[in-house]
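Asker: Sequence:
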Amino acid sequence: MNVYIYDKTFDGLLTAVFDAYFRKTFPDFLLSEGDALPLFYDELHTVVTDEEKAARVWRGLQKKVSSSALGCLTQCWLSELPDIGIVIFRYIRKAIDAPRSIETNFGDPDVLLLAQIWKKVDGERMHLMQFVRFQKAADGTFFAAFEPQYNALPLTVQHFKDRFADQKWIIYDMKRRYGFYYDLQEVTTISFDDDSREAHLITGMLDESLMDENEKIFQKLWKTYFKAICIKERMNPRKHKKDMPVRYWKYLTEKQK
Numbered sequence: 087m088n089v090y091i092y093d094k095t096f097d098g099l100l101t102a103v104f105d106a107y108f109r110k111t112f113p114d115f116l117l118s119e120g121d122a123l124p125l126f127y128d129e130l131h132t133v134v135t136d137e138e139k140a141a142r143v144w145r146g147l148q149k150k151v152s153s154s155a156l157g158c159l160t161q162c163w164l165s166e167l168p169d170i171g172i173v174i175f176r177y178i179r180k181a182i183d184a185p186r187s188i189e190t191n192f193g194d195p196d197v198l199l200l201a202q203i204w205k206k207v208d209g210e211r212m213h214l215m216q217f218v219r220f221q222k223a224a225d226g227t228f229f230a231a232f233e234p235q236y237n238a239l240p241l242t243v244q245h246f247k248d249r250f251a252d253q254k255w256i257i258y259d260m261k262r263r264y265g266f267y268y269d270l271q272e273v274t275t276i277s278f279d280d281d282s283r284e285a286h287l288i289t290g291m292l293d294e295s296l297m298d299e300n301e302k303i304f305q306k307l308w309k310t311y312f313k314a315i316c317i318k319e320r321m322n323p324r325k326h327k328k329d330m331p332v333r334y335w336k337y338l339t340e341k342q343k
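Residues in the sequence shown are numbered consecutively from 87, following my numbering.
Hints are computed from structural coordinates only; laboratory data are not their basis. These numbers come from a predicted model, not from an experiment. Backbone N, C-alpha and C define an ideal beta-carbon position, used for all residues, glycine too.
Simulated restraints on C-beta separations:
1. D279 - K309: 30 to 38 angstroms
2. R145 - T111: 21 to 29 angstroms
3. F304 - P185: 55 to 63 angstroms
Below are the BS3-like pairs computed for lysine-lysine, each with C-alpha atoms no more than 30 angstroms apart in a straight line:
4. K254 - K306
5. K110 - K180
6. K341 - K254
7. K341 - K306
8. K328 - K306
9. K247 - K94
10. K325 - K336
11. K180 - K205
12. K222 - K341
13. K247 - K205
14. K222 - K261
15. K222 - K336
16. K247 - K328
17. K343 - K261
18. K302 - K222
19. K206 - K94
20. K180 - K149
With the sequences and hints as input, model every part of the structure.
Answerer: Printed below as a string of structure tokens:
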């Protein structure tokens with residue numbers, strides 16, 4: 087039984103694939119530093135992330151599977167599920183060794199599992215685009231926060247950049263404590279901590295003192311509209327929670343008291 091230790095990055099995962107083929111030993115467990123090791127194992131190898139090795143593996147994959155399959159791998163990685171590293175590793179190994187593409191071989195448990203994970207992460211991506219609610223700050227910047235189940239924020243950046251190209255905005259993942267800021271020219275990654283001058287934003291809501299003078303009015307109008315279109319006789323709480331997951335309500339304007 088072989089154990090590989092890596093840094094829990096995607097480049098680190100691809101480097102692990104390179105090392106496995108170079109060493110001709112493949113891991114049964116792919117763990118990060120500090121993870122509990124199995125009681126018995128034959129070999130322990132520590133992977134040192136190397137961008138060139140990772141790039142070589144990626145170029146090799148491009149010859150074996152389609153661009154959509156590659157996109158599936160990176161999107162599944164963003165699920166951050168505990169065993170996603172070893173599942174993707176096994177998929178890559180099968181893709182490299184197989185004489186033809188495996189991406190539609192849903193009889194393979196790893197192919198099927200990744201397809202299911204991709205669907206969940208993509209659903210989260212769609213939810214983010216649907217349920218982000220911006221608040222306008224006094225300086226004209228629009229701020230939005232949420233706590234997604236999966237790390238799907240990077241998948242939405244281009245959408246918001248295209249959709250709101252003429253507005254400055256910040257979209258922040260409260261669960262992972264990072265976000266993206268668009269300044270009308272480029273998008274940069276940002277992070278707030280308790281000691282930063284932007285610490286007030288870690289609540290996910292703008293303080294009224296920082297809001298644009300008309301922001302509260304627009305919020306009230308939106309709440310009124312949301313309430314007005316609700317037909318009491320057709321209310322279906324179960325379907326409502328399915329279509330609009332409860333985990334998003336905390337930051338939805340129409341759900342605030």
